[in-house]
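A.B. asks: Same order as they appear, the protein sequences are chains A and B.
When we follow the numbering used here, the leftmost residue of the first sequence carries the number 84, and every step to the right adds one.
When we follow the numbering used here, the leftmost residue of the second sequence carries the number 84, and every step to the right adds one.
Quick caveat, the hints were computed from the structure, so don't treat them as lab data.
Mixed in with the good hints, there may be bad ones.
What the hints assert, rightly or not - Covered stretches of chain B, going by a simulated chain A footprint (3 or more residues, C-beta under 8 Å):
#1 108-114
#2 163-169
#3 269-279
#4 351-362
Beta carbons: idealized from backbone N, C-alpha and C, even for Gly.
Protein chains: 2
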Amino acid sequence: MLDRLDEVKAQVATALDGALAALPEGELRDAMRYACIGGKRIRAFLVMESARLHGIADNAALPVAAAVEALHAYSLVHDDLPAMDDDDLRRGMPTCHVQWSEATAILAGDALQTLAFGLLTDETIGSEAARLSLIAALSHAAGASGMVWGQSLDIAAETAAEPLGLKAITRLQGAKTGALITFSASAGPLIAGADPTPLRDYANALGLAFQIADDMLDVTGDEAETGKRVGKDDAAGKATFVSHLGLDGARTRAEALVAEAEAALEPYGEAAGNLRALARFVIDRDN
Amino acid sequence: MLDRLDEVKAQVATALDGALAALPEGELRDAMRYACIGGKRIRAFLVMESARLHGIADNAALPVAAAVEALHAYSLVHDDLPAMDDDDLRRGMPTCHVQWSEATAILAGDALQTLAFGLLTDETIGSEAARLSLIAALSHAAGASGMVWGQSLDIAAETAAEPLGLKAITRLQGAKTGALITFSASAGPLIAGADPTPLRDYANALGLAFQIADDMLDVTGDEAETGKRVGKDDAAGKATFVSHLGLDGARTRAEALVAEAEAALEPYGEAAGNLRALARFVIDRDN
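Please put together the full structure from these sequences, using the hints given.
C.D. replies: Below you can see the structure in the form of structure tokens.
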């Protein structure tokens with residue numbers, strides 16, 4: 084699985100470099116490129132593996148993987164802004180607005196979102212119907228009923244009178260991180276015109292497990308390993324899976340979700356080994 | 084022409100309301116709706132009229148008109164942010180971040196862009212090929228080689244050692260405002276699979292005339308009429324068409340561009356009366 088992840092990382096880096104090289108040079112493009120450096124590329128991996136399971140060649144799935152990573156990079160750049168989470172460290176480097184400026188970070192994020200949708204029109208992906216279904220699905224996952232909605236709930240929670248309950252956190256994270264993860268895992272069936280239900284179920288469980296692991300890393304993690312600030316949730320008195328369940332309870336819940344994710348892959352049999360390994364990876368990672 | 088503009092305004096308001104109604108309720112959606120209120124709807128008008136000239140029914144062109152206005156609204160919300168142009172008045176109302184918050188304004192802008200691309204997947208627009216060509220064209224016009232690029236040049240000019248020359252301003256505005264105007268006027272041919280060249284030439288001249296008129300309004304305009312702050316360029320020592328050409332020279336240049344825009348409509352004959360009238364309208368407007 085880690086070999087394939089490394090392969091995907093290299094493929095996505097090349098694809099994003101190519102897309103960025105076609106843009107006018109200048110600080111905007113430099114900031115976009117900066118924002119795309121690094122990352123675990125879990126979303127790209129989900130795209131590439133879900134595509135492989137549906138007989139889609141790597142080169143056809145690659146623009147989709149690049150699109151989802153460009154969109155993810157935009158969301159991180161905007162989430163890190165002073166008016167939002169006000170973070171200064173991301174992927175082990177200064178955040179985009181610290182490295183460049185707030186204005187450039189806003190614009191780089193904006194243009195990365197635009198780029199993501201442009202990448203999904205790439206003919207190599209497949210039929211016109213396939214590309215349109217991906218674009219519609221990404222718009223749904225990324226916008227005001229998906230990722231951005233989740234982020235707005237997160238911002239609202241900061242000033243709410245009562246800390247969020249477990250159900251509300253689950254709903255929030257399902258939108259904020261889950262929607263894009265589910266889109267990524269559905270990419271293969273969407274390109275192939277196949278039923279996305281099994282991979283959607285897998286991704287819903289995986290996305291939640293991923294977020295629980297993130298909450299745990301904020302408590303147990305190391306800044307050098309994670310490449311971002313830790314201990315922020317507790318310092319802010321923020322309700323998280325860990326604040327509700329405790330570290331042991333959170334770990335137990337994450338394990339159960341991994342089992343759920345693995346069970347959803349049943350229809351794919353042995354071929355889904357990499358996705359099974361990924362589910363384990365997201366809760367065992369130290370960054 | 085003004086009757087048709089009023090008709091388009093009403094159609095677009097209904098289409099945007101419908102798209103927003105499908106989203107989860109809350110501050111994010113309220114802010115998105117707020118950002119979409121008002122405006123001259125010139126871009127929507129260009130979409131609807133260019134579609135009509137190519138035999139496309141209003142209901143097919145409407146999602147495209149709504150998309151371009153959602154995208155335009157996003158760009159205004161982000162341009163008005165404190166880290167960008169720091170404006171407090173827009174379309175006669177407090178800007179989005181003043182009315183809500185900076186975080187909500189950033190997110191509302193983000194989600195309006197996502198919505199714009201989602202709207203372009205609407206089946207009523209026409210063939211799959213038509214929708215994909217619109218999405219590719221919008222990504223090109225709105226991103227890091229179009230509108231956002233222009234805005235980044237504008238931000239950079241504020242801190243540049245030398246004020247911009249006329250050629251640099253023309254290039255900047257061609258990207259910042261021109262690209263989306265040109266996309267709008269090309270929508271009809273793109274849906275119909277026809278040659279967009281005449282309408283593109285029309286829109287390039289129109290976009291520049293529009294910006295020259297904007298620069299003139301910043302000098303001669305009234306805050307109550309324009310619905311936004313005036314006198315900002317001069318106060319900031321910003322190089323504009325007016326600072327280079329003077330008011331009379333700018334007027335002469337705008338008139339020449341209107342003539343150029345009108346000439347480009349030749350192939351459409353009498354049918355392009357509304358677009359001819361629009362070209363005159365953009366330089367005679369007082370808001």
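A.B. asks: Taking the hints in turn, state whether each one holds.
C.D. replies: Cross-check of the supplied hints:
1. 108-114: holds (count 4)
2. 163-169: holds (count 3)
3. 269-279: violated (count 0)
4. 351-362: violated (count 0)
This entry does not satisfy hints 3, 4, going by the numbered hints stated previously.
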